[in-house]
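Q: Take a look at the letters that make up each chain.
Number of protein chains: 2
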Amino acid sequence: MAITSEQDKKVRTADKAAISVLNHDSSGVETAFDRYLKMQPQCNFGRTGVCCRICLQGPCRISKKADKGICGAHAYTIVARNLIRAITAGASAHGDHGRHIVHTVMEMLKEKAPAYSIEDPQKLYRVADRLGIAREGKNDRELLAEVAALALEDFIKDSTDPCRWLESTVVEERMQKLEECNISPRSIHTTIAETMAQTHMGMDADPVNLIFQGLKMALCDYVGMHIATDLSDILFGTPKPVTTEANFGIMEEDTVNIALHGHNPLLSEMIVRVARQMSAEAEAAGARAIKCMGICCTGNEVLMRQGVPVLTNFLSQELPMMTGALDAMVVDVQCIMPGIKAVSECFNTRIVTTMPNAKIPGAYHVAFAEEEAEAKAREIIGLAIDAFKERKGKVVSIPQIKHKVTAGFSMEALDDLLGAVSPDQPFKALTDAIDSGQLRGVVLLAGCNNLRVLQDHSHNEIIRELARNDVFMVITGCAAGSAAKMGLMNDEAVEKYAGEGLKAFIHKLNEANKDKLEGNKLPLLFHMGSCVDNSRAYDLVTVLARQWGIDSPKVPFVASAPEAMSEKAVSIGSWFVALGIPTHVGVVPEVTGSSLVNGIALQIAEDVYGGYFIWEEDPVKAAQKILKALNERTWKLKLHRQMAEKYDTALSKSY
Amino acid sequence: MAITSEQDKKVRTADKAAISVLNHDSSGVETAFDRYLKMQPQCNFGRTGVCCRICLQGPCRISKKADKGICGAHAYTIVARNLIRAITAGASAHGDHGRHIVHTVMEMLKEKAPAYSIEDPQKLYRVADRLGIAREGKNDRELLAEVAALALEDFIKDSTDPCRWLESTVVEERMQKLEECNISPRSIHTTIAETMAQTHMGMDADPVNLIFQGLKMALCDYVGMHIATDLSDILFGTPKPVTTEANFGIMEEDTVNIALHGHNPLLSEMIVRVARQMSAEAEAAGARAIKCMGICCTGNEVLMRQGVPVLTNFLSQELPMMTGALDAMVVDVQCIMPGIKAVSECFNTRIVTTMPNAKIPGAYHVAFAEEEAEAKAREIIGLAIDAFKERKGKVVSIPQIKHKVTAGFSMEALDDLLGAVSPDQPFKALTDAIDSGQLRGVVLLAGCNNLRVLQDHSHNEIIRELARNDVFMVITGCAAGSAAKMGLMNDEAVEKYAGEGLKAFIHKLNEANKDKLEGNKLPLLFHMGSCVDNSRAYDLVTVLARQWGIDSPKVPFVASAPEAMSEKAVSIGSWFVALGIPTHVGVVPEVTGSSLVNGIALQIAEDVYGGYFIWEEDPVKAAQKILKALNERTWKLKLHRQMAEKYDTALSKSY
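Residue numbers (the numbering used here), protein chains in the order written: chain Z, 1 to 655; chain H, 1 to 655.
The following block holds chain Z by itself, in its conformation from the complex (with noise of 0.2 Å):
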């Protein structure tokens, strides 16, 4: 559902909250909804992928009269270079934000960073056992030390030994498989590298090379992101279930509103933390409160861990503050419209960057630094006390729209939730009722929003059509954002929108976990967390084919990212696809220029590694594609089940 015309203006959101600020919004300024009409028509050869400006003598346009590159490119060598450059992109974000995590683990081992420390040593034990790291004799410190030198070898190192955060978190047949491939990568870095220079002018014109090298490329995504979620877990607590509320109803007229936005826990939490010590400097500026809200995925984060509300998520990131309402908006790293810096000038908002490397010409700037991270949250909170302040008096206007949700399903969380029903493996919890038929399977919902389809509205169609289908659903990112804005993660979706399958299953789960959840019930999806924490899906995607002794590609398990927006989106589709899973995308990259490139992701990618992509805008046909993945993949595993039974086998893995 494109937006294309002024008349398009009015449901250009399926977020009520967002329509209500847009509609009641007298100050004529700009928003991404208005600057996206403005923009089009937009340029298909760029959409499609044929525009290539690798070198000077570019751009080259690939169409019927010119259907090759100055330099002789095809389509498909075209397409796949910048496929992958996107891929590197996308990687190399998450990369930054893991090896930041890695950074901080260092300095806080070295005594310079002493806001921080190991807040989880259960989690350090479960990584550094995976990691085979002997524990014994070892302090938390010196273990840590272990793992962060390790975890910077994946970054760095040049030797051609698998990434250890690849190997030890995929099933060894999938290992096997990327061996074979030649794309178990040397390192993060290196391969970003690599990479770059592969797709250099007068380099690679082979779209298989090159998308095999982009595999590569996403598996360091991969490694990267999980890096940066178990670091984050050490540092901040691993995520246990926490009952909050989302969307804009969520801010208060007499509190200092702060929005944490971006993507890094590492100043998130502190500015958490130290705003509840800082009511006293609230209640003489004449608050009542500070409180902290998400958006995207540094909400994400600090509502998992926190609990902290969710404010919104990526395409409505400007609107907050177009109520008047909100005091100080504090960015970090990705995903952060340069456009909210001309919103803020229209109200009162503080736009705070804090990174080095993501600034905004005409915002403040506190620079970040690990080793005074509590003082520069000070800094910060005091800057929007300040605007509260400039604010008493002011008219503001907040919508008040607002769910419950309930969210903090890591793993751990997961184990133990499902542990209540089936103590000595808890996963066979989920992989019985999917034998059973019980369930359909497992979908992890993910990715952002993309104001080339109505914002929020493929989510939640998607969610609810597979709801009704009995889908077991993880969720994270800016997905998780639209779901919660929506009031659809919480106990009362379970009721409204789960098959009975679903219904029955969640509600085993809470009798069973009716003393742990004090009164609270399991919503309908499952929040893994921000989009770095995709890998805890894939860590579930293992678990599964562990518990079944099956390869991922046989798991009845699919990613789908019905609003794919960022580089790092289409990095995590693509490794999702070289570890074995179906992976719809909501908004079709930019490769359909190449129907061989096309192909590849199409059809032969299934071929050589089991995932595949689909591309599907359209939600109700996107959720009928997904559950047939998913029928494809139960009903081989139940074939193949009978023929074991048959013939007195047992399931190998072989199968």
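Hints are supplied without guarantee of correctness; some may be wrong.
Since the list gives no way to pick out one identical chain from another, each pair is judged satisfied if it fits inside one copy or across any two copies.
[Claimed, not checked] Straight-line C-alpha distance at most 30 Å; calculated BS3-like pairs for lysine-lysine: (1) LYS157 to LYS138; (2) LYS392 to LYS38; (3) LYS64 to LYS157; (4) LYS38 to LYS64; (5) LYS508 to LYS16; (6) LYS157 to LYS112; (7) LYS646 to LYS428; (8) LYS394 to LYS428; (9) LYS65 to LYS404; (10) LYS157 to LYS110; (11) LYS64 to LYS496.
Rather than coming from a laboratory, the hints here were simulated on the basis of the structure. Here the structure is a predicted model, which means the values were calculated and not measured.
Using the hints provided, position chain H relative to the given structure of chain Z.
A: Using the frame of chain Z, we list chain H on its own:
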């Protein structure tokens, strides 16, 4: 002089041999010259840098109607991001080349690459000394192992210590400047990863911050290039003056003609060596001999060290096949037009790709492997001999155009030549000639061909104009290919084109080096090597700065890339600027869509780093601007020398 109409097809290159081939061809085969015309008109959004394809909401194109991207990014952000991604790709390409040689050295040291050896221990000692490696008690292999280990560190290290190849090759004041401006890189790979992350959607919106990161990236390009050159010299020998010929006339009907194309000496050196051993096989096939010849920078590599004649440069790479006389084109990495494959199909040429990251569908692929380099070279030459057999009896039409070429001017070779005039301080011969006004300064001619301008024309015009104005010229890359093909790289050109001062200076060098030159005379310009060898040209800046006792932005040295084409060229130009050198580019890069970014390149860069860009497509005007930049520096040098004399103080670094 852009080519825009069919009419222009007859004058699309200034290379007479190329014109002859194009005019006589009746095959109708399509070349880059045709494809360029078909590609007109080209997109001006891309051309000016204001097309953003960094997220899947794009492409966003900045115009009056849509003055910001959908995310709110201004033109300055979009242009800066695109630019520094180009620098990143260029640095990655050079880095890949350098790392490949580091790996080969390491394989050799493990006795796994028997064809390679330390050809030039003296170079090894010089490099070790420069890096501060103690040589005592170590044999050559041990020393090389230490050098290679430090080289690998400059690629991968995570520490903030300066890169060794940067710190040890620039003057102290320059290193201080880079540190002050926070653009001294951690390492090549880390900076590539950083830059790709910093340009992700919703990351940095600040153009100055982005451009500074781009300069940091460009310095990594310099590091990778310098490592490549140093190690290549150690493995294959440091170039010394050598005389041969250039252009299509070097092909002979009755020889097995093998073109070596690309950038890396690792395989091409082996092919040249093995070709000399395979004359019996060639004779058995009815050929008089095997003749190797070079295209692009692989051509420069084997010209500089082995005296292999020059076939052609970048833009005309497809044309030698159209004579019917080229039996094989062996390609390694970079600047290889995929178009060569289609042309080869119409003629008799075997296209042989050799590297895992640079394949062309349908071409022969002989996978290069260090451990069997000679066997691979033999296999490739076998393919060429097969082609020769098939060619016998068929009509060939070779334009009888060729020129004498004298090349091989490494810094060591220049040191040697100048030392004949000024034995104690060889480069004082050059600084004295500039101080006295005999020479106007030093210019590096570098870079590619680009169909936006008439092939070789700008090189040719600028060289002549600078020669007439007594500029001492060094030259690299396809600029050198151009000069060689056009008859400018020999002693006859000195007599024809040099002004009185330059002529007298070269004559004096000839006289002082009479015995060494063995009857040969020095050329009009001094060929320092392939484009990766531009580090040699910067070594010349450093030596001159040290000779004068000044920082590099005071050295009367200008770099010029009259026909820049590749991302490598963008990267090289950027480090020249960061390292204090005015840099002319004859094809305006994709930055003019942001007056802010353009202003940084043309002006702000000078305020901060002393170097700056000069965009000028007209070669005569370009020469004037280059001369003006030289004059400004020589004038300042003179003024300060006079003041130093007057006040009886030494000409200090701090003036």
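Q: Could you run down the list of hints and mark each one as holding or not?
A: Comparing the hints with the structure gives:
no. : hint             : in the structure
1   : LYS157 to LYS138 : both (25 Å within a copy, 27 Å between copies)
2   : LYS392 to LYS38  : neither (35 Å within a copy, 64 Å between copies)
3   : LYS64 to LYS157  : neither (45 Å within a copy, 47 Å between copies)
4   : LYS38 to LYS64   : both (29 Å within a copy, 10 Å between copies)
5   : LYS508 to LYS16  : neither (33 Å within a copy, 84 Å between copies)
6   : LYS157 to LYS112 : both (25 Å within a copy, 21 Å between copies)
7   : LYS646 to LYS428 : within (22 Å within a copy, 91 Å between copies)
8   : LYS394 to LYS428 : neither (56 Å within a copy, 73 Å between copies)
9   : LYS65 to LYS404  : neither (56 Å within a copy, 42 Å between copies)
10  : LYS157 to LYS110 : both (22 Å within a copy, 19 Å between copies)
11  : LYS64 to LYS496  : neither (52 Å within a copy, 48 Å between copies)
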